[in-house]
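Protein chains: 2
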Amino acid sequence: MPELAGAAQTLENSTGSAGVEGLVSTLKDSFGERCGTSAALREQHGHTTTWIETQPPDAVVFAQTTQEVSDIVKLCAAAKVPVIPFGTGTSLEGHVNAPHGGISIDVSQMNRILDVHPEDLDCVVEAGVTRKQLNSYLRDTGLFFPIDPGADASIGGMVATRASGTNAVRYGTMKDAVVALTIVMPDGSIVHTGGRAKKSSAGYDLTRLMVGSEGTLGIITEITLRLHGQPEAISGGVCPFPDVQTACNAVISTIQMGLPVARIELLDSLQVRACNNYSKLDLAETPTLFLEFHGSEAGVKEQSEMFSAIAEELGGGPFKWATAAEERTRLWTARHDAYWAGKSLKPDADIMVTDVCVPISRLADCVQATADDIQAEGLLAPIVGHVGDGNFHVQVLVDMDDADAVRRGKDFVERLSLRAIDMGGTCSGEHGVGQGKRKYMEREHGNALGLMKAIKLALDPDNIMNPGKILP
Amino acid sequence: MPELAGAAQTLENSTGSAGVEGLVSTLKDSFGERCGTSAALREQHGHTTTWIETQPPDAVVFAQTTQEVSDIVKLCAAAKVPVIPFGTGTSLEGHVNAPHGGISIDVSQMNRILDVHPEDLDCVVEAGVTRKQLNSYLRDTGLFFPIDPGADASIGGMVATRASGTNAVRYGTMKDAVVALTIVMPDGSIVHTGGRAKKSSAGYDLTRLMVGSEGTLGIITEITLRLHGQPEAISGGVCPFPDVQTACNAVISTIQMGLPVARIELLDSLQVRACNNYSKLDLAETPTLFLEFHGSEAGVKEQSEMFSAIAEELGGGPFKWATAAEERTRLWTARHDAYWAGKSLKPDADIMVTDVCVPISRLADCVQATADDIQAEGLLAPIVGHVGDGNFHVQVLVDMDDADAVRRGKDFVERLSLRAIDMGGTCSGEHGVGQGKRKYMEREHGNALGLMKAIKLALDPDNIMNPGKILP
Numbered sequence: 001m002p003e004l005a006g007a008a009q010t011l012e013n014s015t016g017s018a019g020v021e022g023l024v025s026t027l028k029d030s031f032g033e034r035c036g037t038s039a040a041l042r043e044q045h046g047h048t049t050t051w052i053e054t055q056p057p058d059a060v061v062f063a064q065t066t067q068e069v070s071d072i073v074k075l076c077a078a079a080k081v082p083v084i085p086f087g088t089g090t091s092l093e094g095h096v097n098a099p100h101g102g103i104s105i106d107v108s109q110m111n112r113i114l115d116v117h118p119e120d121l122d123c124v125v126e127a128g129v130t131r132k133q134l135n136s137y138l139r140d141t142g143l144f145f146p147i148d149p150g151a152d153a154s155i156g157g158m159v160a161t162r163a164s165g166t167n168a169v170r171y172g173t174m175k176d177a178v179v180a181l182t183i184v185m186p187d188g189s190i191v192h193t194g195g196r197a198k199k200s201s202a203g204y205d206l207t208r209l210m211v212g213s214e215g216t217l218g219i220i221t222e223i224t225l226r227l228h229g230q231p232e233a234i235s236g237g238v239c240p241f242p243d244v245q246t247a248c249n250a251v252i253s254t255i256q257m258g259l260p261v262a263r264i265e266l267l268d269s270l271q272v273r274a275c276n277n278y279s280k281l282d283l284a285e286t287p288t289l290f291l292e293f294h295g296s297e298a299g300v301k302e303q304s305e306m307f308s309a310i311a312e313e314l315g316g317g318p319f320k321w322a323t324a325a326e327e328r329t330r331l332w333t334a335r336h337d338a339y340w341a342g343k344s345l346k347p348d349a350d351i352m353v354t355d356v357c358v359p360i361s362r363l364a365d366c367v368q369a370t371a372d373d374i375q376a377e378g379l380l381a382p383i384v385g386h387v388g389d390g391n392f393h394v395q396v397l398v399d400m401d402d403a404d405a406v407r408r409g410k411d412f413v414e415r416l417s418l419r420a421i422d423m424g425g426t427c428s429g430e431h432g433v434g435q436g437k438r439k440y441m442e443r444e445h446g447n448a449l450g451l452m453k454a455i456k457l458a459l460d461p462d463n464i465m466n467p468g469k470i471l472p
Numbered sequence: 001m002p003e004l005a006g007a008a009q010t011l012e013n014s015t016g017s018a019g020v021e022g023l024v025s026t027l028k029d030s031f032g033e034r035c036g037t038s039a040a041l042r043e044q045h046g047h048t049t050t051w052i053e054t055q056p057p058d059a060v061v062f063a064q065t066t067q068e069v070s071d072i073v074k075l076c077a078a079a080k081v082p083v084i085p086f087g088t089g090t091s092l093e094g095h096v097n098a099p100h101g102g103i104s105i106d107v108s109q110m111n112r113i114l115d116v117h118p119e120d121l122d123c124v125v126e127a128g129v130t131r132k133q134l135n136s137y138l139r140d141t142g143l144f145f146p147i148d149p150g151a152d153a154s155i156g157g158m159v160a161t162r163a164s165g166t167n168a169v170r171y172g173t174m175k176d177a178v179v180a181l182t183i184v185m186p187d188g189s190i191v192h193t194g195g196r197a198k199k200s201s202a203g204y205d206l207t208r209l210m211v212g213s214e215g216t217l218g219i220i221t222e223i224t225l226r227l228h229g230q231p232e233a234i235s236g237g238v239c240p241f242p243d244v245q246t247a248c249n250a251v252i253s254t255i256q257m258g259l260p261v262a263r264i265e266l267l268d269s270l271q272v273r274a275c276n277n278y279s280k281l282d283l284a285e286t287p288t289l290f291l292e293f294h295g296s297e298a299g300v301k302e303q304s305e306m307f308s309a310i311a312e313e314l315g316g317g318p319f320k321w322a323t324a325a326e327e328r329t330r331l332w333t334a335r336h337d338a339y340w341a342g343k344s345l346k347p348d349a350d351i352m353v354t355d356v357c358v359p360i361s362r363l364a365d366c367v368q369a370t371a372d373d374i375q376a377e378g379l380l381a382p383i384v385g386h387v388g389d390g391n392f393h394v395q396v397l398v399d400m401d402d403a404d405a406v407r408r409g410k411d412f413v414e415r416l417s418l419r420a421i422d423m424g425g426t427c428s429g430e431h432g433v434g435q436g437k438r439k440y441m442e443r444e445h446g447n448a449l450g451l452m453k454a455i456k457l458a459l460d461p462d463n464i465m466n467p468g469k470i471l472p
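Protein chains in written order, with full-length UniProt numbering: chain A, 1 to 472; chain B, 1 to 472.
It is possible that some hints are incorrect.
Each pair of labels, with its calculated beta carbon distance range [what the hints assert, rightly or not]:
| no. | chain 1 | residue 1 | chain 2 | residue 2 | range |
| --- | --- | --- | --- | --- | --- |
| 1 | B | M257 | A | D399 | 47 to 55 angstroms |
| 2 | B | K439 | A | E297 | 20 to 28 angstroms |
| 3 | A | E312 | B | G142 | 51 to 59 angstroms |
| 4 | B | T329 | A | A325 | 41 to 49 angstroms |
| 5 | A | E297 | B | G378 | 46 to 54 angstroms |
| 6 | A | E297 | B | R415 | 46 to 54 angstroms |
Some chain A residues close to chain B (C-beta under 8 angstroms, calculated; not the full set) [as the list claims (entries may be wrong)]:
| no. | residue |
| --- | --- |
| 7 | E119 |
| 8 | G195 |
| 9 | T426 |
| 10 | S428 |
Just so you know, the hints here were simulated from the structure itself, not pulled from any lab data.
Where a beta carbon is used, it is the ideal one built from N, C-alpha and C, also for glycine.
With the sequences and hints as input, model every part of the structure.
Printed below as a string of structure tokens:
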């Protein structure tokens with residue numbers, strides 16, 4: 001593929017921040033106070049919630065419309081200055097950093113819910129709308145937006161990183177949730193991908209190409225999302241297991257039997273201990289599944305009973321389940337606070353968060369090998385996972401001032417990423433590549449990486465869109 | 001977008017079949033009897049099951065491995081001769097025609113099922129495996145592959161056209177069914193996209209870009225498919241409605257309530273009459289829904305009762321449902337024979353088949369406007385649709401020797417396509433673009449078409465991969 005080698009070479013020649021000063025001056029003239037250059041603002045916009053060092057942009061512009069985003073990108077394109085999209089800054093792999101400087105386009109003020117179509121189970125939102133904002137808005141419609149990555153992320157950011165979370169086992173990921181997009185391309189042109197039909201076989205799936213492209217192919221400004229009816233009934237509960245293998249076997253059986261489980265989450269013993277401490281639970285400190293079922297009253301009862309039988313047959317259980325909302329809320333609040341519970345194990349430590357995803361048949365092997373690795377290295381690192389998808393997270397508690405500890409943490413993340421890839425999985429199930437996982441892309445994708453580079457070069461020949469992310 | 005205008009221009013300059021004679025001679029030397037040039041073989045490989053005129057390739061090569069496909073494509077690339085992938089030839093929009101000549105690569109001998117992973121609910125197949133072959137193979141595993149486009153298409157062809165069918169309302173389309181692909185690119189290189197993890201956020205979604213690309217970006221040779229557990233119980237039945245609007249309202253309510261209906265198909269009065277005649281049914285000749293529910297014994301009973309109540313409340317029904325396999329089989333055989341039933345209305349006629357898809361809220365409007373159009377034009381054209389997705393088909397019965405009738409049929413298809421697009425839908429829900437729907441691509445996609453052309457140009461700069469399809 002000679003043309004792909006050429007593409008790779010061109011990507012290296014990022015034009016960086018030439019001409020950025022004049023550009024910032026023009027942006028200030030146009031946007032007034034909505035264009036900021038204070039150190040605090042810039043630092044905040046390069047900040048990521050994980051361990052990757054902050055690289056602030058040259059300026060931050062708060063856009064309010066797709067047309068404004070287009071205007072800004074056109075100026076950046078003319079000056080060949082990088083553009084970094086910013087939603088809520090809750091991404092985990094350095095996605096919002098500006099390694100070559102440039103303009104951070106903050107879409108948080110683009111937070112209008114433009115349309116809800118209950119008959120079509122879809123809605124149209126601006127990129128800065130957050131998932132909690134959307135679900136509050138939808139509450140009285142009988143509909144909800146299921147994708148839940150934990151953080152109250154912007155929908156635009158969730159599209160960009162192909163987010164998923166606890167409900168993905170039933171409702172899919174952002175790949176499945178996005179129906180159509182409005183995107184500002186690297187030349188500033190405004191493009192609409194997809195339509196409102198539930199399916200189409202008319203042409204290349206540009207929508208899916210943009211989902212997960214992390215701002216490297218364009219800036220997502222409006223999203224048409226698929227919604228779901230709020231379930232009539234919900235039940236949920238916790239189920240202890242003697243070991244990780246048995247818990248994973250229960251997950252496999254559950255999915256093979258076609259139980260439409262809405263959430264099925266694994267916490268390892270250490271994570272259970274952390275949650276007991278932090279959220280005042282009294283769970284047995286053993287590998288534990290948190291489950292939730294959605295359906296009719298009879299349906300959730302049937303599902304709960306079937307899961308109970310599966311767990312018991314495999315030597316797990318008892319499965320304690322409840323349909324009472326307050327009890328479920330208490331449990332799932334604990335699950336959602338797993339990050340803070342983990343941190344409470346060593347309050348003065350920082351956290352390196354990472355995630356991988358493997359075929360579910362390899363999940364127990366991968367979790368066990370990872371737990372062994374954690375023990376051998378003497379790390380403090382609870383494991384929690386969306387195991388119905390074969391996806392799990394490790395939080396490595398690290399003192400970021402201790403260079404040796406940081407190195408050991410990074411080495412652990414590298415071993416974990418390669419272990420997942422070697423098992424036929426991926427170095428990131430839902431956090432994205434950003435800066436943190438770029439170095440694994442070749443191992444994971446082989447020469448398909450050349451195709452990604454060719455597409456990047458075709459759509460963004462000057463490499464101004466979020467340079468230094470995804471592609472090595 | 002100056003670079004996109006350039007892309008469009010280059011696509012016009014297809015290099016056609018220069019050098020094809022020497023190439024065919026080389027292929028005959030290498031492949032012996034597996035490279036054929038007889039008129040009958042070539043005609044059959046340009047043949048489409050619809051009204052578009054046959055344009056045969058210069059030669060047909062039966063490939064048996066990915067490496068052979070790669071070898072053939074490398075030769076074609078060197079000679080700048082078009083490559084047209086061929087599975088079973090059941091596509092409907094001229095996908096396998098060779099308007100610029102070239103080599104048809106027939107993958108029907110690549111029909112091995114390479115792997116089934118019951119724990120991961122996936123399998124790996126070669127492109128020439130057909131869906132019925134796969135399901136026969138899977139029968140004893142408790143798993144099945146749900147996507148059902150009617151014809152016993154090859155899996156490779158189903159990926160290429162982003163096929164779906166009656167089960168898509170519950171199980172999704174090929175977009176959702178494909179986990180990973182092996183593809184021979186336009187330069188002959190072999191690329192693997194995706195992995196076996198159920199989800200990933202590591203890089204551009206090349207898999208989804210290839211699904212629906214109709215052989216214009218590469219030839220799909222191996223596919224990893226998501227499978228599903230065979231449902232414990234199935235129930236199904238038919239429900240008459242006084243008019244199309246009421247039937248569509250019942251569909252909308254069913255989906256809004258989250259009933260996980262597995263199939264929900266609309267037949268208009270004429271189609272019901274045709275099925276009564278052809279399949280010896282005695283249904284009332286009024287708009288009718290055919291339904292199927294999958295789940296536990298209790299679940300399908302509950303779903304059937306809930307649908308019954310919905311239909312009754314809206315003025316439809318009675319919904320007659322049964323769990324007995326023979327009764328269901330009789331009904332669904334009739335549904336699957338709808339094409340032949342339609343043809344039986346005028347046995348000496350040919351059929352122009354077309355499909356569109358609209359947001360479900362516009363479905364009744366679109367079906368009604370189309371029925372009015374059929375009546376005003378005096379066409380004989382039954383309607384049948386996967387209405388849970390907003391997708392429907394029209395079979396226009398036409399005497400292809402009557403130029404005026406053909407023109408009126410084509411004009412009708414054009415009005416239908418534009419009507420669907422103008423309602424926020426698409427000119428093809430599941431048949432693809434091929435040659436037949438190229439002219440609607442600009443209307444449907446606007447300047448997003450420029451992105452498609454840029455991607456095509458980046459990956460296939462000499463435009464050798466199935467030229468003259470999708471992109472106008």
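Starting from the hint list further up, note which numbers the structure goes against and sort them upward. Hints 2, 3 not satisfied by this model.
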